[in-house]
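Chains A and B are the protein sequences, given in the same order.
Its first residue numbered 1, the first sequence is counted upward by one per residue in the numbering used here.
Its first residue numbered 339, the second sequence is counted upward by one per residue in the numbering used here.
Don't read these hints as lab results, they were simulated from the structure.
Worth double-checking, as some hints may not be accurate.
These stretches of chain A come out as covered by chain B in the derived footprint (C-beta under 8 Å, 3 or more residues) [to be verified]:
#1 123–131
#2 243–254
#3 290–300
#4 303–312
Built from N, CA and C at the ideal position, the CB exists for glycine as well.
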Amino acid sequence: MSASDRKTGGLLVPIAIALLVFAVLPAGLAAFDRGYFYQVANVAMIFVLLSASMHLVTGVAGLLHLGHAAFYGVGAYTAALLTTKLGLGFTWTLPLSGLVAALVAFLVALPTMRLVSIYFAVATLAIGQMLYLVMLNWVDFTKGPNGIIVTKGLELFGFSLSGRLASYYTIAVVVMLCIVAISRLSHSYYGNALRSIREDDQCADAMGVRTIRLKMEAFTLSAFFAGIAGALWAHMTGYISPGDFKFSESILILAMVVVGGLGSLPGAVIGALLLILLPEGLRGMGDFRNIMVGLVMFLSILFLPKGLLGEVSALRLVRQQLGAAWRRTDNGIGIGWR
Amino acid sequence: MIDPYYLQQLAIGLSLGMTYALMAIGFTLIFGVLNVVNFAHGEVYTVGAFAGLVLISALAPPMMAVLFIALAAGAAAGFTLERLAFKPFRRFTDEASLKSRAMRESTLLSSLAVSIIVREGLEIAFGSHMQSPPVQYLINTPVRVGSVVLATGDFIIFGVSAAMLIGLQYLLTRTRVGLSIRAVSNNPLGAKYVGIDTDRTIIMTFVVGSMMGAAAGILTALYYGAIFPAMGFVPGIKAFVAMVMGGLSSIPGAVICALILGVSESMATAFLSSGWADMVAYGFLILTLIFFPSGLFGAGRERV
Numbered sequence: 001m002s003a004s005d006r007k008t009g010g011l012l013v014p015i016a017i018a019l020l021v022f023a024v025l026p027a028g029l030a031a032f033d034r035g036y037f038y039q040v041a042n043v044a045m046i047f048v049l050l051s052a053s054m055h056l057v058t059g060v061a062g063l064l065h066l067g068h069a070a071f072y073g074v075g076a077y078t079a080a081l082l083t084t085k086l087g088l089g090f091t092w093t094l095p096l097s098g099l100v101a102a103l104v105a106f107l108v109a110l111p112t113m114r115l116v117s118i119y120f121a122v123a124t125l126a127i128g129q130m131l132y133l134v135m136l137n138w139v140d141f142t143k144g145p146n147g148i149i150v151t152k153g154l155e156l157f158g159f160s161l162s163g164r165l166a167s168y169y170t171i172a173v174v175v176m177l178c179i180v181a182i183s184r185l186s187h188s189y190y191g192n193a194l195r196s197i198r199e200d201d202q203c204a205d206a207m208g209v210r211t212i213r214l215k216m217e218a219f220t221l222s223a224f225f226a227g228i229a230g231a232l233w234a235h236m237t238g239y240i241s242p243g244d245f246k247f248s249e250s251i252l253i254l255a256m257v258v259v260g261g262l263g264s265l266p267g268a269v270i271g272a273l274l275l276i277l278l279p280e281g282l283r284g285m286g287d288f289r290n291i292m293v294g295l296v297m298f299l300s301i302l303f304l305p306k307g308l309l310g311e312v313s314a315l316r317l318v319r320q321q322l323g324a325a326w327r328r329t330d331n332g333i334g335i336g337w338r
Numbered sequence: 339m340i341d342p343y344y345l346q347q348l349a350i351g352l353s354l355g356m357t358y359a360l361m362a363i364g365f366t367l368i369f370g371v372l373n374v375v376n377f378a379h380g381e382v383y384t385v386g387a388f389a390g391l392v393l394i395s396a397l398a399p400p401m402m403a404v405l406f407i408a409l410a411a412g413a414a415a416g417f418t419l420e421r422l423a424f425k426p427f428r429r430f431t432d433e434a435s436l437k438s439r440a441m442r443e444s445t446l447l448s449s450l451a452v453s454i455i456v457r458e459g460l461e462i463a464f465g466s467h468m469q470s471p472p473v474q475y476l477i478n479t480p481v482r483v484g485s486v487v488l489a490t491g492d493f494i495i496f497g498v499s500a501a502m503l504i505g506l507q508y509l510l511t512r513t514r515v516g517l518s519i520r521a522v523s524n525n526p527l528g529a530k531y532v533g534i535d536t537d538r539t540i541i542m543t544f545v546v547g548s549m550m551g552a553a554a555g556i557l558t559a560l561y562y563g564a565i566f567p568a569m570g571f572v573p574g575i576k577a578f579v580a581m582v583m584g585g586l587s588s589i590p591g592a593v594i595c596a597l598i599l600g601v602s603e604s605m606a607t608a609f610l611s612s613g614w615a616d617m618v619a620y621g622f623l624i625l626t627l628i629f630f631p632s633g634l635f636g637a638g639r640e641r642v
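Using the sequences and the hints, build the whole thing.
In structure tokens form, the structure reads like this:
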């Protein structure tokens, strides 16, 4: 196979995914034209983004993060409060939510990033719970358990995008851009440095990788994307309450990454789709939906310890099919991330 | 003269701390032998409470029988939990894989998954609302001691917990089971070489630890008169905090820290609303992790 064949092969899958997300799915949704399907599609995309951001910190950098939903909540509350108190629209709340969530994560990371393995997991659990308690108990500011009604829908520079199809496209564009960014972060030399920290941080340190700094960056970036997801959620649903960001949501996001395969971005996306769409498909089973999350997680750890799409096969897939960043020589041999 | 209100909060805090201590011991024992955190421990607490509730509503037995059935349910829960969520991941028994990150994280996640299944299963079986045991079983009759008003539950919880702690001390220092638990937690491979059945010991550890957790569950349930499927989550976290503060593998450390935690929490409710009082535990946890990474009472066991 010549180099030019590989080049076209490298574009086929991204084009197929883009077609699916931006043409086939909206066409299908428009054909059915039920609000419920749009809702499911939007929620699934937001959780794809959350799962991908979790993938960056837990899968690639190997930091077991048990408080991710809290940063998602920080983003959502930032968007909601900016809208209700300052009257800002989605155009401004989207980046600001990401930045505020990232700032909170940075402040949290300063003292805790030197902890390893289980200690770090416990620290993130405690911080997630503290943020949740703030959302729940600081009634004057966050309205506590009553939640906040977000008065403004999706819009861009005053141009309303809150119709069904328009909000689908807005969320799809934002999520896809974030996924591409996360993909470039995790499939590059940067991602490889994070993977080296995950495998053996002392060894990575000895080889000149600035472990603490890189871990902090990964943690902060992941919170940034979670904050973006929060803003999308707040403007999409129009109502947020602390219950959306509690510990079980962190576990749900973690389960998505684990089911899909730790360290594999396509896996994280598949895991998110599975754990959102499966319970929706099983809606007829009523109360058994939540048990399914636990069962799927348990069975996948037991029988598929590497996940649905393990890291090794995911990396091969990304290099060969999505490999815009994977550099090759003229005879088609891969020589490394760009 | 101290305000009697604070004395009262102190007594309540001590009995609250005792239930945390019972939970924390389960965590500590299991962490000792397996070097992993059992995230389903909170569900053992819930299972204990529900077993008591089922027995009370079915047979209306005497108080002691309720406690014993909760202990038995805890033992069964611990055994099942170990078989389901921990055994399948112990396929390799050499020291490197016992300490490896992959093994720890897979058991951590599998115990989390089991805890979700148990909690949701209980929710389907009993509904997610709060249930209350019959009034004659509640242990919150007020008792006046000097200028302080306490509940009978404060004494019962303190007494039962103290008895169980003494029993545990006896078990760990005087019986073969206890000695093998200590041997395995000291050095799993060494214990295996001298002929200790590590698999059996690990099961026993889960059984003993879960019995303590289930006892804490039924006692708290009868004290507050509230039983619901998610009840194990918060005490589980508090006990976990106590374990980390105590240095992960030190039982006396965990007990002392659990008491500190219980007292400071009940003191905090004197100044804060009860919603914010939970902050105390998380704050303690973060401060401990930052300033005393190996715990207040832990020997420096490994790098954090």
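Cross-check of the supplied hints:
no.: 1; hint: 123–131; result: holds (count 6)
no.: 2; hint: 243–254; result: holds (count 4)
no.: 3; hint: 290–300; result: holds (count 7)
no.: 4; hint: 303–312; result: violated (count 1)
Checked against the numbered hints listed earlier, the structure breaks hint 4 alone; every other hint is satisfied.
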